[in-house]
Amino acid sequence: MDGIYLDERRVQTSIQNWGNTIISSNGKWEGNNLHIDEIESLDKITRLTWIDVSFMILNILVNQFKTDDSLILFLHIDLKYSLEIMSLEKLSLNWLKENVSEYTPPSLNFTSLEYYTDFYEKELVRCKADTNITDLFNSLSHLDFFYRTYFDEDEGMYSREIYVFFKK
Amino acid sequence: MNQLNKAVQTGKAPKGIIRFDKGRGTKNLPLDEVHFKDGSSLYRDGTWRHNKGHKLTNDQIKFLKENGWNIP
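If you read the sequences in order, they're chains U and E. Going by the working numbering, the first sequence runs without a break in its numbering and finishes at 168. Going by the working numbering, the second sequence runs without a break in its numbering and finishes at 72.
Isolated chain E, as found in the complex (with noise of 0.2 Å):
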């Protein structure tokens, strides 16, 4: 997580992502996450949380998934 913020930091993530949080494993916090600029956020699983009609970006994409990330 803190590689992928870092990236988010210095511009090397794609435009639209704010930042990565890490999952806990509970029920409230159960899986890794990323927020975007809209709002809305999307767990590792490829679930969304928040989705306020958010459409991934081919950049988005690519880049979570070389991360880790399942596309919904």
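Bound-form chain U, shown alone (with noise of 0.2 Å):
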């Protein structure tokens, strides 16, 4: 990630102020999701970057975000179409680069435990990764990756995404 210079406060600041708005929310959780290129400072974030940036706010955030104990933070990460079923037992850092969407950065999520337990600890394939990946994280043992893929009619392709969730 050398070169990458992120403007730590500002973004934590902009992230800090979304994440209020969901635990203010009277223990009601809703739908949310803030694309990287959301944040202040990221709006002219390239795709060439946006694996590497979000990883870097990931570890930010595993390490000083405070939430509500009932809710998981996630990172989404959409990848491109594929005309082939995907089964992906390691995920690698140059793998995610050259797969990620080209269209869509990568999004921050809050879900609630039940949520999670109820839906994608059911829906997603689980996965590992790959050491180029955990060792960018100084706490590992609470990131679990996910996968998933389907058929898209409407695109006749493969739909394909990536799922890291941080458990306290």
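Among the clues, some could well be false.
Covered stretches of chain U, going by a simulated chain E footprint (3 or more residues, C-beta under 8 Å) [what the hints assert, rightly or not]:
#1 73 to 84
#2 98 to 105
#3 153 to 164
Honestly, the hints are just simulated from the structure, not real lab data. The beta-carbon is built from N, C-alpha and C at its ideal position, and this holds for glycine as well.
Join these two chains into a complex; the hints should help.
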């Protein structure tokens, strides 16, 4: 991630403001997401750095961000469509950079523990992350990597996504 | 979504539209979404995800309607 500079204070403030709107909703959780290009100071970010910057932000958050215990933070990464179904045993950094969507930047999300258990854990397929990803994080044991793929009739190709959940 | 995003990239979509995101049918990413240059974004069903006072232009309304969007 050499050469990438994050204005950490502005990024944290922007994310904290977003997080506060979720946490202060009197326990009522609603769908939410924040694309990384919607974070203050990152509106000009390009696809070439989406993955590096996403992991840099996630690393800041897992170490410093304070959330309600009933909410789980996760990173969602849209991948390019594929003509072949995806079977992923180990996720590597280079593969992710090559296959990230051409159009949609990764997004930060919160989900409730209940929705995580009832939906995401059942719907998604767990995968491992290569050390070139896990070495980027200080709190490795808290991250769970998943993927999902399905045939998209509209596109005539397989849709593919990566999910990285941070659990306390 | 790919076709719509290609239209944006090739200048065939109206000005002010910067991209289309695929909805995932989850609570977090429920519906297809169009993003505008001013930071606003609109779900396919015509509800705003982020409305920063965006006023849809006639060209945007026409293009979105033609591609299955409800207009608020």
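Results for each hint:
Evaluation of the coverage hint for the region 73 to 84 of chain U: fulfilled, as 3 residues show C-beta separations to chain E shorter than 8 Å, against a requirement of three. Counting residues of the region 98 to 105 of chain U whose beta carbon lies closer than 8 Å to any beta carbon of chain E gives 3, which meets the minimum of three for the stated coverage. Under a criterion of three residues with beta carbons nearer than 8 Å to beta carbons of chain E, the stated coverage of the region 153 to 164 of chain U is upheld, 4 such residues being counted.
The structure is consistent with each of the numbered hints, conforming to all of them.
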